[in-house]
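Start from the sequences, fold in the hints, and give me the full structure.
Chains E and H are the protein sequences, given in the same order. full-length UniProt numbering puts the first sequence at residues 1 to 349. full-length UniProt numbering puts the second sequence at residues 1 to 377.
Hints listed in this document are in silico derivations from the structure and should not be mistaken for laboratory results. Take these hints with a grain of salt, some might be off.
Only pairs whose alpha carbons sit at most 25 Å apart, straight line, appear in this in silico DSS-like list of lysine-lysine [stated by the list, open to error]: (1) E:Lys148 with H:Lys2; (2) E:Lys195 with H:Lys130; (3) E:Lys148 with H:Lys130; (4) H:Lys2 with E:Lys258; (5) H:Lys107 with E:Lys148; (6) E:Lys172 with E:Lys10.
Owing to the predicted nature of the structure, the values given are computational and were not obtained by experimental measurement.
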Amino acid sequence: MNKHEPGGRKLDLRNGRVELSHGSGGRAMARLIGEIFYAAFDNEWLAAGNDQAAFDIPAGRMAMTTDGYVVSPLFFPGGDIGKLAVHGTINDIAMAGARPLHMSASFIVEEGFPLAELKLIAESMGEASRAAGVAIVTGDTKVVERGKADGVFISTSCVGIIPAGLALSGDKARPGDVVLLSGSIGDHGVAVMSKRENLSFDTEVLSDTAALHELVAAMVETAGDAIRLMRDPTRGGVAATLNEIAHQSRVGVRIDEKAIPVAPQVAAACELLGLDPLHVANEGKLLAVVTCEAADALLAAMRAHPLGAQAARIGEIVADEHCFVQMTTAFGGGRIIDWLSGEQLPRIC
Amino acid sequence: MKHVDEYRDGNLARAIAQRIAAEAQSDRQYRFMEFCGGHTHAISRYGIEDLLPENIRLIHGPGCPVCVLPMGRIDDAIRLAAREEVTLCTYADLMRVPASGGSSLMKAKANGADIRMVYSTLDAIAIAEKEPQRQVVFFAIGFETTTPPTALAIRLAQKKGLKNFSIFCNHVLTPAAMQAILDTDNGVEIEGFVGPAHVSTVIGSAPYRRFASDYHKPVVIAGFEPLDVLQAILMLLRQINEGRCEIENQYRRAVTESGNAKAIDEVAEIFDLREAFEWRGLGEIPHSALKLREAYADYDAERRFAMETKPARDNPACECGAILRGQKRPQDCKLFGVACTPETPMGSCMVSSEGSCAAYWAYGRFRQYQNEARKAS
Chain E
1 MNKHEPGGRK LDLRNGRVEL SHGSGGRAMA RLIGEIFYAA FDNEWLAAGN DQAAFDIPAG
61 RMAMTTDGYV VSPLFFPGGD IGKLAVHGTI NDIAMAGARP LHMSASFIVE EGFPLAELKL
121 IAESMGEASR AAGVAIVTGD TKVVERGKAD GVFISTSCVG IIPAGLALSG DKARPGDVVL
181 LSGSIGDHGV AVMSKRENLS FDTEVLSDTA ALHELVAAMV ETAGDAIRLM RDPTRGGVAA
241 TLNEIAHQSR VGVRIDEKAI PVAPQVAAAC ELLGLDPLHV ANEGKLLAVV TCEAADALLA
301 AMRAHPLGAQ AARIGEIVAD EHCFVQMTTA FGGGRIIDWL SGEQLPRIC
Chain H
1 MKHVDEYRDG NLARAIAQRI AAEAQSDRQY RFMEFCGGHT HAISRYGIED LLPENIRLIH
61 GPGCPVCVLP MGRIDDAIRL AAREEVTLCT YADLMRVPAS GGSSLMKAKA NGADIRMVYS
121 TLDAIAIAEK EPQRQVVFFA IGFETTTPPT ALAIRLAQKK GLKNFSIFCN HVLTPAAMQA
181 ILDTDNGVEI EGFVGPAHVS TVIGSAPYRR FASDYHKPVV IAGFEPLDVL QAILMLLRQI
241 NEGRCEIENQ YRRAVTESGN AKAIDEVAEI FDLREAFEWR GLGEIPHSAL KLREAYADYD
301 AERRFAMETK PARDNPACEC GAILRGQKRP QDCKLFGVAC TPETPMGSCM VSSEGSCAAY
361 WAYGRFRQYQ NEARKAS
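This is the structure we're talking about:
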């Protein structure tokens, strides 16, 4: 984003719509960036108005990640695409045990998109980034013709600092390790689904979208490198994440259905729609694999944090050359937890 | 969750499982077919086989509407959707079913055909209303459970005076297929049926009587919850042990003897029996499917578009047919889990979550290795 003194008339933030000129590099674009994004993100790096943000970094290892957000609808119970774009990318950094430092945001906006909604989204991002203490320090805006995008798509990237001595990785789970889950599952997917056209149903379920880096910091402080790995079970849900872990580490996972927290409203909605909560997306939960010795202390530390209040020990890592994730059902039988086949719900994040 | 959790109670399950284990005679085998894919799914999803003694074998029946639809009908639908003026509305389940030449509705859609996934027949009606310039065709499939909603859509189209709505009718009948299985000597003796749940809410329990009287096979109609299935197995076991042969109704909370009279009447008003219909794996079965009556010919896509089904051959290595007949298990198929997975299905049983192959793949395939390990030790 460039610094600018565009002059001319102010944007009509109440009734105006995004036009192609808002992405063409001229005065209109400067207006859009200034009145919407600078105002919402408000930080010194962005205000410097350069093509990039420059900042000091401490010694050690860094983590970097990027993610695209295309959720539909853009506003859903408990959140919106903007909040999701901040939390989701922060969480990807946090899963390395890292402290997120700064992030970037890139917008692809469809011609005709209401300026008022773009402002709401930007303000929501600003609020989320301030609450998380992670500034949006650089960005980009493009406008595409009507019909070439669906409202707005957002890409965010983030860099973070990994504490010395920590090297979490998906291939580090070992037989005997314990699997912890930070809270109830399926809330985000159900909240988004409840507002989908031709699927809409009434529910009080709110998306769980949240930045997890402070919970992670508390976990790292308690258990340090006894934590083998962490993952946030977003698209594909807990089922996909556990399968990724099993395959990366060449181990099996055994979980107990009774130990997995699912809110009654989420369970009811899944029942209605024929979904398995294990396949439904989360945006504010994490799975941690930890050594058996450190599991109790880590679980206690998670429960002491508001975002981990419902944390539970859901299973353990076992030796298994087939890398199966198996579950003892509450009914008393056994079954595999597989990756989701096909699309359960497109554009969930 | 009230009215759901009660039917999934682990303590009750253990109690019934203990009774089954105590009453199953150890010197003999029991072979029961659960006809419906809904039961197959419940058995796999809740791990019911783990609660049964080894001498009770469940044979997964052909009650999965997607699985029994012959490939030729999918080809028909693809040809139909290729017509410039046609919008084909379908349940999502059908999208990935393999068609001839490696095609599928999904691929046809990617190639530009106007194919839309709907959640109910009413969605298709809404599209027809909203887009009067399009010929909207609903790909109607399913057993007796889904026929009344199709009938409702036709009634609604009639009431609204819609000239651009029709259905491609593939509705099939459960008792006819059960009879075909019993009439065919395929080397698998079925001693009793776990009878359909939702189908029976519509047709009632009476249509199964002939299986007890003429074929001497007990039928226990059961709900789709895991405790329903377990209890039905116990009831079948008792009938066999006591030499009884009856139609019993475990699913009394939803199924009556005479069924849903309103739905039955409405279906009879709009639909007529076909002379015969091809079922995947079971071949041509007489009087096993429905077509629209003459009076409703305007809503019949087969007539409106002069559709003609061309015979199509399944992949020769695919064992879906033998699996649907209960002769083979998914793991007996050479393609299973190798060339054929839910992501790249070669046969229809791998497509629907109610299909035996998909259910075994998604929930039960660890058993294969468990059994091998047991044998090895």
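Next on the checklist: Hint compliance check: list the failing hint numbers for this structure, sorted ascending.
Outcome noted: 1 and 6
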